[in-house]
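**Q** From just these sequences and the hints, can you work out the full model?
Residue numbers (the numbering used here), protein chains in the order written: chain R, 1 to 210; chain V, 1 to 210.
In short, the hints are calculated from the structure, not lab data. A hint or two may mislead.
Identical chains share a label here; the pair holds if one copy fits it or two copies do between them.
Computed list of lysine-lysine pairs in DSBU-like fashion (alpha-carbon distance at most 35 Å, straight line) [unchecked claim]:
1. Lys144 with Lys39
2. Lys161 with Lys144
3. Lys39 with Lys161
4. Lys2 with Lys144
5. Lys2 with Lys119
6. Lys48 with Lys161
7. Lys161 with Lys206
8. Lys206 with Lys2
9. Lys119 with Lys161
10. Lys48 with Lys119
11. Lys206 with Lys144
12. Lys2 with Lys161
13. Lys144 with Lys48
14. Lys39 with Lys119
Number of protein chains: 2
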Amino acid sequence: MKIGIIGSGNVGGALGAHWAQVGHEVTFGSRNPGSDTMKQLVARAGGKASAATAADVARDNEVLLLSTPWPAARGVLASLGDLTGKILIDATNPLLPNLQGLELGNTTSAAEQVAAWAKGARVVKAFNTVGFNIMENPAFRSDKAVMFYCGDDAGAKQTVKQLTEELGFDAVDAGPLTQARVLEPFALLWISLAYGRGLGREIAFKLMRR
Amino acid sequence: MKIGIIGSGNVGGALGAHWAQVGHEVTFGSRNPGSDTMKQLVARAGGKASAATAADVARDNEVLLLSTPWPAARGVLASLGDLTGKILIDATNPLLPNLQGLELGNTTSAAEQVAAWAKGARVVKAFNTVGFNIMENPAFRSDKAVMFYCGDDAGAKQTVKQLTEELGFDAVDAGPLTQARVLEPFALLWISLAYGRGLGREIAFKLMRR
Numbered sequence: 001m002k003i004g005i006i007g008s009g010n011v012g013g014a015l016g017a018h019w020a021q022v023g024h025e026v027t028f029g030s031r032n033p034g035s036d037t038m039k040q041l042v043a044r045a046g047g048k049a050s051a052a053t054a055a056d057v058a059r060d061n062e063v064l065l066l067s068t069p070w071p072a073a074r075g076v077l078a079s080l081g082d083l084t085g086k087i088l089i090d091a092t093n094p095l096l097p098n099l100q101g102l103e104l105g106n107t108t109s110a111a112e113q114v115a116a117w118a119k120g121a122r123v124v125k126a127f128n129t130v131g132f133n134i135m136e137n138p139a140f141r142s143d144k145a146v147m148f149y150c151g152d153d154a155g156a157k158q159t160v161k162q163l164t165e166e167l168g169f170d171a172v173d174a175g176p177l178t179q180a181r182v183l184e185p186f187a188l189l190w191i192s193l194a195y196g197r198g199l200g201r202e203i204a205f206k207l208m209r210r
Numbered sequence: 001m002k003i004g005i006i007g008s009g010n011v012g013g014a015l016g017a018h019w020a021q022v023g024h025e026v027t028f029g030s031r032n033p034g035s036d037t038m039k040q041l042v043a044r045a046g047g048k049a050s051a052a053t054a055a056d057v058a059r060d061n062e063v064l065l066l067s068t069p070w071p072a073a074r075g076v077l078a079s080l081g082d083l084t085g086k087i088l089i090d091a092t093n094p095l096l097p098n099l100q101g102l103e104l105g106n107t108t109s110a111a112e113q114v115a116a117w118a119k120g121a122r123v124v125k126a127f128n129t130v131g132f133n134i135m136e137n138p139a140f141r142s143d144k145a146v147m148f149y150c151g152d153d154a155g156a157k158q159t160v161k162q163l164t165e166e167l168g169f170d171a172v173d174a175g176p177l178t179q180a181r182v183l184e185p186f187a188l189l190w191i192s193l194a195y196g197r198g199l200g201r202e203i204a205f206k207l208m209r210r
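**A** As structure tokens, then:
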């Protein structure tokens, strides 16, 4: 397959090099295809890799990876010419510059609403990201399902951590209560896989570490 | 520990029963604590479980689980009296009635913006949910990291699935392009764990099935 990389930074570089190594013809887009950085990337990717301008990459490949920083995406796309029929793999995230949130979506959460309504309560978000069948039994053979919790009260979180671990979960502190903006969509991922995508309810996530 | 369950449905029932079984004193809140349903739940939970009205549960327990349906949460909280100092575990999700989205947050995504900007392109969201180091090597001993992709073009998705599996990922179709509203916050979860929470970048999720 011929694959064009629009945005040859860490993500585009890693994916493009890996795809080249498994036999695809990869072209890395760059404002300066002859730069030392691009030469090093092409060498790392091996035989079938090359570099070109983003416009050339877009014209000459039917499969394109968009892996620019989000703030650059719109301008780069506008510079590529007609993309009709191209497969465009969007690997961007609309991250705020400080990585603390997304530019799109999530400006509040159920947990923050709950905290506003339950004045004075020490609110912790937890147990919202899998179905009740997993809460009954979080064991998958020798693996534990992960359960995230978040909140602004350290003591309350310590209690929730204990209650979570006692059920057999891998309890992981996801940060302050605003992280519910992330954990609530995470629940929707589980729900959509279990029901909409037909995987059924006997699924859960493990947080792997190495 | 004394734990009160506000919302004794599937989730509240599963968690409360499990906590009772590991030795906690659990009280299930209900509009009708003497109902057959509640008697069955209390029996299932075992010796230290009981049922009471939600207001009594809130008054008599320092640790409360909020596990009502989201549309009921505000009214139930308003009925509980003063919650100052209580640990309130929020297990709700602000789901739309059809389970297809969240009432709060996520009204669009980078992927949908990209599709609007790249007129005619067959956009697939993918490779946005882990760091580039995981894209280089998605293997965790004998386990594979999961990679979700979503889009509205079946052929484009099939191509992306192949490209994902060739890298060694467990490639999972997350549905239509609007699912980027879920996958982009999922990326933020990885980022916040890796950087904000100090777990480092050598982490990834496995989708477990049983």
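**Q** Within a copy, between copies, both or neither: which one fits Lys144 and Lys48 at a CA-CA cutoff of 35 Å?
**A** The answer is between: 26 Å across copies meets 35 Å, while 42 Å in one copy does not.
**Q** When no copy is named, should Lys206 and Lys144 be tagged within, between, both, or neither for a Cα gap of at most 35 Å?
**A** The answer is both: 6 Å in one copy and 11 Å across copies each meet 35 Å.
**Q** Please sort Lys48 with Lys161 into within, between, both or neither, judging by C-alpha distance up to 35 Å.
**A** Close across copies (21 Å), not inside one copy (50 Å); limit 35 Å.
**Q** Between Lys39 and Lys161, at a C-alpha cutoff of 35 Å, which is it: within one copy, between copies, both, or neither?
**A** Between copies only: 29 Å across, 49 Å inside.
**Q** Tell me, please, which holds for Lys206 and Lys2 at an alpha-carbon limit of 35 Å: within, between, both or neither?
**A** both (34 Å within a copy, 29 Å between copies)
**Q** Within a copy, between copies, both or neither: which one fits Lys39 and Lys119 at a CA-CA cutoff of 35 Å?
**A** Result: close only across copies, 32 Å inter versus 59 Å intra.
**Q** Go through the copies and call it for Lys2 and Lys161: within, between, both or neither, with a Cα cutoff of 35 Å.
**A** between (48 Å within a copy, 15 Å between copies)
**Q** Checking an output row: Lys2 and Lys119, CA cutoff 35 Å. Within, between, both or neither?
**A** Intra 58 Å, inter 21 Å, cutoff 35 Å: inter-copy only.
**Q** Within a copy, between copies, both or neither: which one fits Lys48 and Lys119 at a CA-CA cutoff of 35 Å?
**A** between (62 Å within a copy, 29 Å between copies)
**Q** When no copy is named, should Lys144 and Lys39 be tagged within, between, both, or neither for a Cα gap of at most 35 Å?
**A** Answer is between: at 31 Å across copies they meet the 35 Å cutoff, but 44 Å inside does not.
**Q** Should Lys119 paired with Lys161 be assigned to within, between, both, or neither, using CA atoms and 35 Å as the limit?
**A** Within. Shortest intra-copy distance 22 Å satisfies the 35 Å Cα cut-off; inter-copy 47 Å does not.
**Q** Using 35 Å as the alpha-carbon threshold, which applies to Lys2 and Lys144: within, between, both, or neither?
**A** For Lys2 and Lys144, only the inter-copy Cα distance (25 Å) is at most 35 Å; the intra-copy one is 40 Å.
In this structure, none of the earlier numbered hints is contradicted; all agree with it.
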